[in-house]
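Put together the whole structure using the sequences plus the hints.
Spelled out, the chains give:
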Amino acid sequence: MIVRSRTFKGGVHVPHFKESTESRPIKSTRLPSTVVVSLHQHTGAPCEPLVRVGDQVKVGQKIGDSQAALTAPVHSPVSGKVVKIGPYLMSGGVERPAITIESDGLQEVADTVRPYGSLENLTRQDLINLIREAGIVGLGGAAFPTYFKLTPPPGKKFDTLIINGSECEPYLTADQRIMMERPEDAVLGARILMKATGVKQAFIAIEDSKPEAIAAMEKAVSKAKGIQVVPLMAKYPQGAEKQLIKVLLGREVPSGGLPVDVGAVVSNVGTAVAVANTLKTGMPLIERVVTVTGRPLKEPSNLLVKIGTKVSDLVNECGGFVREPAKVIVGGPMMGIAQFTLDIPVTKGVSGILFLDADETSLEEPGPCVRCGKCVENCPMRLLPLFISQYADAGRFDDAAAYGALDCIECGTCSFVCPSRRHLVQSIRLAKAEIVARRRKK
Amino acid sequence: MSVNQFIVSSSPHIRSPISTAVIMRDVIFALLPASFAGVYFFGTHALAVIVTGVATAVISEAIIEKLTHRPVTVGDFSAAVTGLLLALTLPPDLPLWIVAVGAIVAIGLGKQVFGGLGHNPFNPALIGRAVLLASWPVAMTTWRWPITEAPWFGQDFDVLTSATPLAAMKLSGVKTPYLPLFFGSVAGSIGETSAVAILLGAAFLLLRGHITWRIPGFYILTVAILSILFGQDPVFHILAGGLLLGAFFMATDYVSTPVTPLGQAIFGIGCGVLTVLIRLYGGYPEGVCYSILIMDAATALIDRFTRPRRFGEVKHSA
Ligand code: SF4
Ligand code: SF4
Numbered sequence: 001m002i003v004r005s006r007t008f009k010g011g012v013h014v015p016h017f018k019e020s021t022e023s024r025p026i027k028s029t030r031l032p033s034t035v036v037v038s039l040h041q042h043t044g045a046p047c048e049p050l051v052r053v054g055d056q057v058k059v060g061q062k063i064g065d066s067q068a069a070l071t072a073p074v075h076s077p078v079s080g081k082v083v084k085i086g087p088y089l090m091s092g093g094v095e096r097p098a099i100t101i102e103s104d105g106l107q108e109v110a111d112t113v114r115p116y117g118s119l120e121n122l123t124r125q126d127l128i129n130l131i132r133e134a135g136i137v138g139l140g141g142a143a144f145p146t147y148f149k150l151t152p153p154p155g156k157k158f159d160t161l162i163i164n165g166s167e168c169e170p171y172l173t174a175d176q177r178i179m180m181e182r183p184e185d186a187v188l189g190a191r192i193l194m195k196a197t198g199v200k201q202a203f204i205a206i207e208d209s210k211p212e213a214i215a216a217m218e219k220a221v222s223k224a225k226g227i228q229v230v231p232l233m234a235k236y237p238q239g240a241e242k243q244l245i246k247v248l249l250g251r252e253v254p255s256g257g258l259p260v261d262v263g264a265v266v267s268n269v270g271t272a273v274a275v276a277n278t279l280k281t282g283m284p285l286i287e288r289v290v291t292v293t294g295r296p297l298k299e300p301s302n303l304l305v306k307i308g309t310k311v312s313d314l315v316n317e318c319g320g321f322v323r324e325p326a327k328v329i330v331g332g333p334m335m336g337i338a339q340f341t342l343d344i345p346v347t348k349g350v351s352g353i354l355f356l357d358a359d360e361t362s363l364e365e366p367g368p369c370v371r372c373g374k375c376v377e378n379c380p381m382r383l384l385p386l387f388i389s390q391y392a393d394a395g396r397f398d399d400a401a402a403y404g405a406l407d408c409i410e411c412g413t414c415s416f417v418c419p420s421r422r423h424l425v426q427s428i429r430l431a432k433a434e435i436v437a438r439r440r441k442k
Numbered sequence: 001m002s003v004n005q006f007i008v009s010s011s012p013h014i015r016s017p018i019s020t021a022v023i024m025r026d027v028i029f030a031l032l033p034a035s036f037a038g039v040y041f042f043g044t045h046a047l048a049v050i051v052t053g054v055a056t057a058v059i060s061e062a063i064i065e066k067l068t069h070r071p072v073t074v075g076d077f078s079a080a081v082t083g084l085l086l087a088l089t090l091p092p093d094l095p096l097w098i099v100a101v102g103a104i105v106a107i108g109l110g111k112q113v114f115g116g117l118g119h120n121p122f123n124p125a126l127i128g129r130a131v132l133l134a135s136w137p138v139a140m141t142t143w144r145w146p147i148t149e150a151p152w153f154g155q156d157f158d159v160l161t162s163a164t165p166l167a168a169m170k171l172s173g174v175k176t177p178y179l180p181l182f183f184g185s186v187a188g189s190i191g192e193t194s195a196v197a198i199l200l201g202a203a204f205l206l207l208r209g210h211i212t213w214r215i216p217g218f219y220i221l222t223v224a225i226l227s228i229l230f231g232q233d234p235v236f237h238i239l240a241g242g243l244l245l246g247a248f249f250m251a252t253d254y255v256s257t258p259v260t261p262l263g264q265a266i267f268g269i270g271c272g273v274l275t276v277l278i279r280l281y282g283g284y285p286e287g288v289c290y291s292i293l294i295m296d297a298a299t300a301l302i303d304r305f306t307r308p309r310r311f312g313e314v315k316h317s318a
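So the protein sequences, as listed, match chains G and B.
Everything in the first sequence is counted per our numbering, starting at 1 for the first residue and increasing by one.
Everything in the second sequence is counted per our numbering, starting at 1 for the first residue and increasing by one.
What the hints contain is simulated information worked out from the structure, not anything from laboratory work.
Note that the coordinates shown come from a computational prediction; the quantities given were computed from them, not determined experimentally.
All residues carry an ideal CB built from backbone N, CA and C; glycine is no exception.
Check before you lean on any hint, since a few could be wrong.
To spell it out: a stretch of chain G is covered by chain B in this simulated footprint if at least three of its residues, at any positions, have a beta carbon under 8 Å from a beta carbon of chain B; those stretches are [to be verified]:
{"#": "1", "stretch": "254-266"}
{"#": "2", "stretch": "285-295"}
{"#": "3", "stretch": "362-370"}
Structure follows, in structure tokens:
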């Protein structure tokens, strides 16, 4: 397969803001005194609790699971006592069922946690099972259950695995650090995912603004067969699944379709490392790397965080605030979600916590669309954001749909470039929700 | 840390620093070389025309918005751009009161009646110019030699009138050489004569990413190709008259031109065809102003029928 081009059409060069954390090694956090483990931290059906209030749990013990097709179990990241099971306020102000565990500080490991042995001895189905049992979901932010992605629907086949290490969101450096510090595990993860999907070829895509990560990964893949590191132009949204596939394979995922429709499966590099970790140690997904950053923090850091740790605890790990934060964002500045409170726990899909101060938080009122065409020029899905949002604002959802509202990947590029500060993605997102709701009714 | 002190708004949480005001300010910067060239060649009255155009446009926008109880938006510099563009398309000796009328018309009729910035279907500056041309045709077509050239004649050069290169070509078949056309030492509108000054400003806008090459590129290319087909000198037609100013600064007006890439190409080609036809067969020697206004009228239609193929969109055979 020939790598035809190193970037896609559209997109925008956003400022990176990665300087404050990209050279900081991943730091393990202190054991939190309590963790709040959401029973619904993935795309799909929520888990049922497998423990009761008062139960003792150990590290890696499965505490929630479901029979539903699209789900991922959750495990205790600490040893200690279950003190509460019930709804808890999560990212974005939504309440989710969650299990609160008080740590006993001993970190006793559950006896179900045992290494799985070597990759050679495991079948494709073994691997898919172990990935499911480990509760692994996409760690890039989408939190889609990984095992589900690995099984192609009947009649379809994968031929290429893409490991996404592009990390195009400004400020975030978790994946970059992972590739610099654990390149061997990333490659092992890629090999596992290749075997689990039955593909012979894999690409590891990294933006060319991260030369150290590229060098580390290139060294690590030198012995692996069929895996190739591909530097890509640093441009937002380079890490978007459809754009990656287009860049690397020259194939366009059809509108309304999935990567598997063009034979591709895309997995975040952090996910690959999590898979490798589970194979080697048997430990399910109970922690992840989170970039906690922004001007208000004393020491912006890349932290290895136990799932369920509260954001307020992470602020302490970063030395607290040196200036007043005006905005808290879970995720990156382009697609992340602003929060009301620091009292929310980290879930599997949280790749970053970003604090902005008042100066960085623009609250400019939108002006009229001047039809500059910048949103059109830069939309990576080649949509006409100005018209979709105008239709959405006017309640003309059929027109919004006809103009491709459902193809919008909500990357935020259009709003970013709009000189009139119009809320384009916001209204397109509303239109999408409305269109989907109406289609369901029919 | 109290709970409700954080700002909660929708992503993206960072915005490009390029605001509408920044773009308009840059357009003004980009027009400065052409403005300086105009003042250099035509003297202080040209400067007075420019100042009058800009000031009247800004003041009338503010007054109209005040009278209609809308927020005053002169801070976005778009009125200043309109006034400046209008002035640059006017003859250097035009009486200042006519300039002022033109600016009021441009803002009032060209922009504010439609609801202000973003809503005008036509380029406001060109509306102003078109109305002036219809109302004061003589004053609007009275040209003179640049002051830098006239002294040879040993007369009071201020009153010397001259045909523009296009008029000279059309009426008597006299072709002005390239070099004066390029530098601007020819009779013409204040900001239209110096190709080099316009190109300098255009390069700045292209580099800043405020305009793309599509509309001006297709416009100029079309004029060149058609000139050749009609047995004319393409270089002359590109350098003479208001083509360059029109192509880079009027036909790229955001509000009144298409936003789709294909639409922009069609728009440029349309302008080019109309310009050549008007120049060769129309009643005026110059066709840039009208060709752009005519294409402006087609913009909504063009946008509707030139939707790009969406990413992953499967082509339906019709
Ligand atoms: S319309 Fe959607 S896909 Fe296009 S730039 Fe805007 S957010 Fe991104
Ligand atoms: S970027 Fe903003 S102002 Fe420009 S066309 Fe799009 S919506 Fe209109």
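Hint check results:
Counting residues of the stretch 254-266 of chain G whose CB lies closer than 8 Å to any CB of chain B gives 4, so the stated coverage by that chain holds, three being the minimum. Three residues within the 8 Å Cβ limit are the bar, and the stretch 285-295 of chain G against chain B gives 0, so the coverage statement is violated. Judged by the Cβ-Cβ criterion of 8 Å, the stretch 362-370 of chain G is covered by chain B as claimed, because 7 of its residues qualify and three suffice.
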